[in-house]
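2 protein chains.
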Amino acid sequence: MNSKLRITPLGGLGEIGKNMTVFEYEDEIIIVDAGVMFPENDMLGIDLIIPDYNYLMDKTDKVKAILITHGHEDHIGALPHLMRHIEAPIYATPLTAGLIDVKMRQAKLANDVELIIFEADDVLQIGQFQVEPFHVAHSIPDCVGFGITTPVGLVVHTGDYKFDHTPTDNWPPDFAKLAEFSERGVLCLLADSTNADRPGWTPSEKVVEEAFDKLFREAKGRIIVATFASLISRIQQVADMAQRYGRKLAITGRSMRDNTKIARKLGYLDVPDDLLIDIGQIDSYPAHEIAIIATGTQGEPSAVMGRLALGRHRNLTIMEGDTVVFSAYAIPGNEEMVYRIINRLFQRGANVLYERIAKVHVSGHASQEEMKLLINLVRPKFLIPIHGELRHLKQHKALAKQLGIPAENIAVVENGTPLELDENGLTIGERLPGGYVFIDGAGVGEVGWSVVRDRDKLAQNGFFVAYVNAHNGNVIGQPDIVTRGIIDMREAEDLLEGARETIARVVKTYATSNKALDKPIEEALERYLYAETGKRPFVQVIVK
Amino acid sequence: MNSKLRITPLGGLGEIGKNMTVFEYEDEIIIVDAGVMFPENDMLGIDLIIPDYNYLMDKTDKVKAILITHGHEDHIGALPHLMRHIEAPIYATPLTAGLIDVKMRQAKLANDVELIIFEADDVLQIGQFQVEPFHVAHSIPDCVGFGITTPVGLVVHTGDYKFDHTPTDNWPPDFAKLAEFSERGVLCLLADSTNADRPGWTPSEKVVEEAFDKLFREAKGRIIVATFASLISRIQQVADMAQRYGRKLAITGRSMRDNTKIARKLGYLDVPDDLLIDIGQIDSYPAHEIAIIATGTQGEPSAVMGRLALGRHRNLTIMEGDTVVFSAYAIPGNEEMVYRIINRLFQRGANVLYERIAKVHVSGHASQEEMKLLINLVRPKFLIPIHGELRHLKQHKALAKQLGIPAENIAVVENGTPLELDENGLTIGERLPGGYVFIDGAGVGEVGWSVVRDRDKLAQNGFFVAYVNAHNGNVIGQPDIVTRGIIDMREAEDLLEGARETIARVVKTYATSNKALDKPIEEALERYLYAETGKRPFVQVIVK
Chain V
1 MNSKLRITPL
11 GGLGEIGKNM
21 TVFEYEDEII
31 IVDAGVMFPE
41 NDMLGIDLII
51 PDYNYLMDKT
61 DKVKAILITH
71 GHEDHIGALP
81 HLMRHIEAPI
91 YATPLTAGLI
101 DVKMRQAKLA
111 NDVELIIFEA
121 DDVLQIGQFQ
131 VEPFHVAHSI
141 PDCVGFGITT
151 PVGLVVHTGD
161 YKFDHTPTDN
171 WPPDFAKLAE
181 FSERGVLCLL
191 ADSTNADRPG
201 WTPSEKVVEE
211 AFDKLFREAK
221 GRIIVATFAS
231 LISRIQQVAD
241 MAQRYGRKLA
251 ITGRSMRDNT
261 KIARKLGYLD
271 VPDDLLIDIG
281 QIDSYPAHEI
291 AIIATGTQGE
301 PSAVMGRLAL
311 GRHRNLTIME
321 GDTVVFSAYA
331 IPGNEEMVYR
341 IINRLFQRGA
351 NVLYERIAKV
361 HVSGHASQEE
371 MKLLINLVRP
381 KFLIPIHGEL
391 RHLKQHKALA
401 KQLGIPAENI
411 AVVENGTPLE
421 LDENGLTIGE
431 RLPGGYVFID
441 GAGVGEVGWS
451 VVRDRDKLAQ
461 NGFFVAYVNA
471 HNGNVIGQPD
481 IVTRGIIDMR
491 EAEDLLEGAR
501 ETIARVVKTY
511 ATSNKALDKP
521 IEEALERYLY
531 AETGKRPFVQ
541 VIVK
Chain H
545 MNSKLRITPL
555 GGLGEIGKNM
565 TVFEYEDEII
575 IVDAGVMFPE
585 NDMLGIDLII
595 PDYNYLMDKT
605 DKVKAILITH
615 GHEDHIGALP
625 HLMRHIEAPI
635 YATPLTAGLI
645 DVKMRQAKLA
655 NDVELIIFEA
665 DDVLQIGQFQ
675 VEPFHVAHSI
685 PDCVGFGITT
695 PVGLVVHTGD
705 YKFDHTPTDN
715 WPPDFAKLAE
725 FSERGVLCLL
735 ADSTNADRPG
745 WTPSEKVVEE
755 AFDKLFREAK
765 GRIIVATFAS
775 LISRIQQVAD
785 MAQRYGRKLA
795 ITGRSMRDNT
805 KIARKLGYLD
815 VPDDLLIDIG
825 QIDSYPAHEI
835 AIIATGTQGE
845 PSAVMGRLAL
855 GRHRNLTIME
865 GDTVVFSAYA
875 IPGNEEMVYR
885 IINRLFQRGA
895 NVLYERIAKV
905 HVSGHASQEE
915 MKLLINLVRP
925 KFLIPIHGEL
935 RHLKQHKALA
945 KQLGIPAENI
955 AVVENGTPLE
965 LDENGLTIGE
975 RLPGGYVFID
985 GAGVGEVGWS
995 VVRDRDKLAQ
1005 NGFFVAYVNA
1015 HNGNVIGQPD
1025 IVTRGIIDMR
1035 EAEDLLEGAR
1045 ETIARVVKTY
1055 ATSNKALDKP
1065 IEEALERYLY
1075 AETGKRPFVQ
1085 VIVK
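Going down the list, the sequences are from chains V and H.
Under my numbering, read the first sequence as residues 1 to 544, first letter to last.
Under my numbering, read the second sequence as residues 545 to 1088, first letter to last.
Isolated chain V (complex conformation) (with noise of 0.2 Å):
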């Protein structure tokens, strides 16, 4: 048996070692976040991602544990597909709990899941792996990372950190475990990447206030802020100015007030009853008494910001003189999006602040001086940079050996890449297939990278199907053609037809068995088709 520990990141291409990775020693597995990924803007069509677990699925009887970071979906959306295979507990703080409690009743799997609730600082031991959270700052209340003792050493994982040392909760990272840790020496340390190339120090939270107070202080009209649902400590920040200068503030989106009621719930939101309203009762309110959170800063067309833009509300219309204030960054591949929002809120007469030209967001991940400072804490001998796409590990990797950590003993590795640990060294296995299981409508990973080609020729290039009738070289009565994407349906009957005498010229010139006739009509509509419109649609044609 291998005496060896097994560490593997799930997942595909993109970020690596964010969303699960797998701990396992001799029979025993310990598994850290379970999340999903979101589809890149060529994927399309695909809702989401999970990451491909099917390595586990011969060894699911060995899993005796998935612990959970935190709360965000990149961490916990994966659960409900999970769980359906693996019957171990999940482990987690008491918010990320609650928000995984949702998860599981939505997915009717409540009942059958074991959901174990530990705090930063309880120790739990899971077979021979001893599991010691630790807080951390993050943009989510209640974060840890795990210091895990195995029978090969201690090994300790970040989850998502930041160093805030005031924190919007007063809760600053566990400093004093990191370097108690330090002090037991740690064999290895997995930690978060995804500010590799940030120089400096990641802003506190308080930068945030202070914008906001400001803001408060100074704005006539409405003020309306949009924001992750996720990120509980913004809410609070904005619940506490609309508190301060006099303001009532209603919640509007739905995972926003989902969100907001599990928080306050659970006492991770200081919320008074009597600061908040209804979303359909702020016409009631002149409009420098009225606060609004929102969601939407991703510009995903169906949440609040999306539908503003549009004036597509219920409840709510921008009018001049209203505030809207971005307090997020835009996800690599959502800037377009988000800037064409913004700049449809502008045309609508609102003043709005995003994170270029007004400090009303910072990020929740360490920059290069927090992610130095963490490997001085720590002194792992062995470094695994994860959380971040393969440019952030590699730059993870040239901070640590700034700090003297010699190259060979840091890991960049891809997702789905098992290393090998024990005292003496690191080693880097073969690359397990698979990567990226699709979530698409009603299925998962029955839509593979096939499909999404088929969606892409369809969404360049458009269809074109005809149904041709044929008997002895001539086309009785007219193909039944069915088209579109290519060109204007209101401009195409030209196009229609020199499609039906395309049809007629190569049925006069076969004129031989109906059977063979479809390949060469085929070929000559798509010929005529580029050499009309320059496009390649997907063409099929059925001869009877």
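Keep in mind that the hints were calculated from the coordinates and are not lab data.
In this text, all values refer to a predicted model and were calculated from it rather than measured experimentally.
There's no promise every hint is true.
[To be verified] In silico negatives: residues of chain H with every beta carbon more than 10 Å from chain V: (1) ASN598; (2) ILE660; (3) VAL751; (4) ASP802; (5) GLY811; (6) PRO830; (7) GLY978; (8) ALA1060.
[To be verified] Covered stretches of chain V, going by a simulated chain H footprint (3 or more residues, C-beta under 8 Å): (9) 39 to 47; (10) 120 to 132; (11) 348 to 361; (12) 448 to 456.
Positions of the beta carbon are idealized from the N, C-alpha and C atoms, including for glycine.
Go by the hints and put chain H onto chain V.
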């Protein structure tokens, strides 16, 4: 007759006043620039966008000149379309004229279009307009802005500019001319707003030179620099470094080779013959004697960087030890593809430098302090912020207000909005209909939003076409079904079987005339496909 000056920026809702601006006084028109826009991610299948110049079509005889500020595509790319309708000459500086000439030859318009070359400091009398071009610094040589003396006063159009005191071609912007305009009294300033949300002063091209010097001094392997093909000054810098550090230079990518050729011929690029080698020759030299300039900074899959990322370049394969430099910024909307390519280049063993981690690119546009300097230098009565999205124009206005220009003297408008101007005032007219004209495959303007919406539906949901032969409540034979983009065709047999049953059920239930069957079958198939796949494909049924 209207004795006011009418200024109309043309184009869609993207960047405003960037691609084409019409100046109209009595029965004379001059046009500044005629450029293309690039499609956004959701403009599926669209190749390019040109401004909607329908407004000009009934007064083409009034157009006396098309004045071009510089040779970038977003300022000259629409000329091959516009010049099919307009007989007036194009005025441009030598390099810009060289680039336009190539375009006119490609469009077979070279013999029909008069191209008049001017130098910065010439004075052009065009009807009642006296046009004084003045040199500005930007990211392509030979750029100008225009001082246009009209019967109502002096109007200054900056073109694209930055106040670079140490540009690569040692030709700083013409501050003296701007000061002189100021003394004469400037009625209206149209000024570049691109970087209105960037504080400070855009760094000089000199900064990039220092970064390249360090890179060329230290790199042990090959150096591959990707940049914009029009960024002649960057190409000059790379050539100079190759010369300085004893490397041969290969140029790859069609637009890069074409532009280099023209710029060398016209004397804007000083690259000795013996420095250059063909890309096919690179393997004859040791790695540390090779530098390469290439295209593909925006993640285009068919450009050099995209092909290198996938290992599909004929003459060049990335190897361990290569340094790849992205000497460009990623245009919003392109980041995701650019980062994907950067990650893949890392994966292939290259070290990749890009804007966020090294000073290998600077913007060609003025930042806030330069924008303020411009306003205080020119001291216009009226300001029209141009060249930016609405959010940039608004920010430009905010800066100008800080400098004491009254809000009512600043016109933030969208493309298609005519402004009327005389010494007494500036009035904003009604926005003209139209905006974008899509160039799609072989067509100009034949594809509109309705086709793009069809393509979006196909991209998200696919299509399903069925041809049904029905008689007396029975389906004769099997329906012919053509479908793509819904689910993987290898997994589709169950879905198709269910669809056939659905069709048979409807045919049986209705058992009426064939004519009325198509809609009920389509509706039943839509319900069935949504229930099975969660998708809403385009469905069409033909019943015989």
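Against the structure, the hints come out as follows:
In this structure ASN598 (chain H) is separated from chain V by more than 10 Å, as the shortest Cβ-Cβ distance comes to about 17 Å. Its beta-carbon lying about 33 Å from the closest one in chain V, ILE660 (chain H) satisfies the requirement of being farther than 10 Å from that chain. Residue-level check passed: VAL751 (chain H) sits 16 Å from the nearest beta carbon of chain V, beyond 10 Å. The Cβ of ASP802 (chain H) sits about 22 Å from the closest Cβ of chain V, beyond the 10 Å cut-off, so the non-interface label holds.
Residue-level check passed: GLY811 (chain H) sits 37 Å from the nearest beta carbon of chain V, beyond 10 Å. Listed as outside the interface, PRO830 (chain H) is consistent with that label: its C-beta sits roughly 24 Å from the nearest C-beta of chain V, beyond the 10 Å cut-off. The non-interface label for GLY978 (chain H) is consistent with chain V: the shortest C-beta to C-beta separation is roughly 15 Å, beyond 10 Å. Residue placement check: ALA1060 (chain H) keeps its beta carbon more than 10 Å from all beta carbons of chain V (closest about 17 Å).
Against chain H, the region 39 to 47 of chain V contributes 5 residues with a C-beta closer than 8 Å to a partner C-beta. That satisfies the three-residue criterion, and the hint holds. Look at the region 120 to 132 of chain V against chain H: 0 of its residues bring a Cβ nearer than 8 Å to a Cβ of that chain, fewer than three, so the hint is violated. Interface restraint, the region 348 to 361 of chain V with chain H: holds (5 residues with C-beta to C-beta distance below 8 Å; minimum three). For the region 448 to 456 of chain V, the proposed coverage by chain H is satisfied: 6 residues have a C-beta within less than 8 Å of a C-beta in that chain, meeting the threshold of three.
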